[in-house]
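Enquirer: Sequence:
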Amino acid sequence: DFKKATAEYEQVSREATDPEREGLERQVEALCREAGDPAGMAEETVIRMLGAQLLEVTAQLGQDESGVVDLESRQEALQKDLEDALQRKRQLEMELQRERQRRETEEELMGQ
Numbered sequence: 001d002f003k004k005a006t007a008e009y010e011q012v013s014r015e016a017t018d019p020e021r022e023g024l025e026r027q028v029e030a031l032c033r034e035a036g037d038p039a040g041m042a043e044e045t046v047i048r049m050l051g052a053q054l055l056e057v058t059a060q061l062g063q064d065e066s067g068v069v070d071l072e073s074r075q076e077a078l079q080k081d082l083e084d085a086l087q088r089k090r091q092l093e094m095e096l097q098r099e100r101q102r103r104e105t106e107e108e109l110m111g112q
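Each residue of the sequence shown is one higher than the one before, counting from 1 in the working numbering.
Calculated from the structure, these hints are not laboratory results.
Please note: incorrect hints may appear among the correct ones.
Listed next, with one range per pair, are the computed distances between beta-carbon atoms [as the list claims (entries may be wrong)]:
hint, residue 1, residue 2, range
1, Val68, Thr45, 29 to 37 angstroms
2, Leu78, Gly111, 16 to 24 angstroms
3, Leu71, Glu22, 17 to 25 angstroms
4, Asp70, Val28, 27 to 35 angstroms
5, Asp64, Gln27, 14 to 22 angstroms
6, Ala42, Val68, 37 to 45 angstroms
Predicted model only: the values in this text are computed from it and were never measured.
Glycine included, C-beta positions come from ideal geometry on N, C-alpha and C.
Take these sequences, add in the hints, and give me the full structure.
Expert: Structure, rendered in structure tokens:
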């Protein structure tokens, strides 16, 4: 389960990186075009660029929040699985101890 979760996390990380990179590349291209004549940049252009950046940041925050909710849900599920496994381990250890005691008692009785 841990390996599967790690693989899923890595895949999601790779998928999340590509759109982010594309957005940054678009911003760089736009800035390079406008940087040729910074004094000539109209206020409208600056406002438009800032608005676009704000939309991208807002979208990314929404995706990040959704990802956090998903990760918290996954964490809760993994925590429950861990607790179940630890409970099962304790039960098996108790069964093993009882079996050992039974065998010791049996050996003592046969030795008499």
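Enquirer: All hints are to be evaluated individually against the structure, with a verdict given for each.
Expert: Hint check:
Our hint of 29 to 37 angstroms for Val68 and Thr45 holds, since their Cβ atoms are close to 35 angstroms apart. A hinted range of 16 to 24 angstroms is violated for the C-beta pair Leu78 and Gly111, which are about 49 angstroms apart. At about 23 angstroms, the beta-carbon gap between Leu71 and Glu22 stays in the expected band of 17 to 25 angstroms. Distance hint for Asp70 and Val28: a CB-CB separation of about 30 angstroms, consistent with the stated range 27 to 35 angstroms.
Take Asp64 and Gln27: their Cβ atoms lie about 18 angstroms apart, and the range 14 to 22 angstroms holds. A C-beta distance of roughly 39 angstroms is found between Ala42 and Val68, which places it inside the suggested range of 37 to 45 angstroms.
In summary, the one numbered hint that this structure violates is 2.
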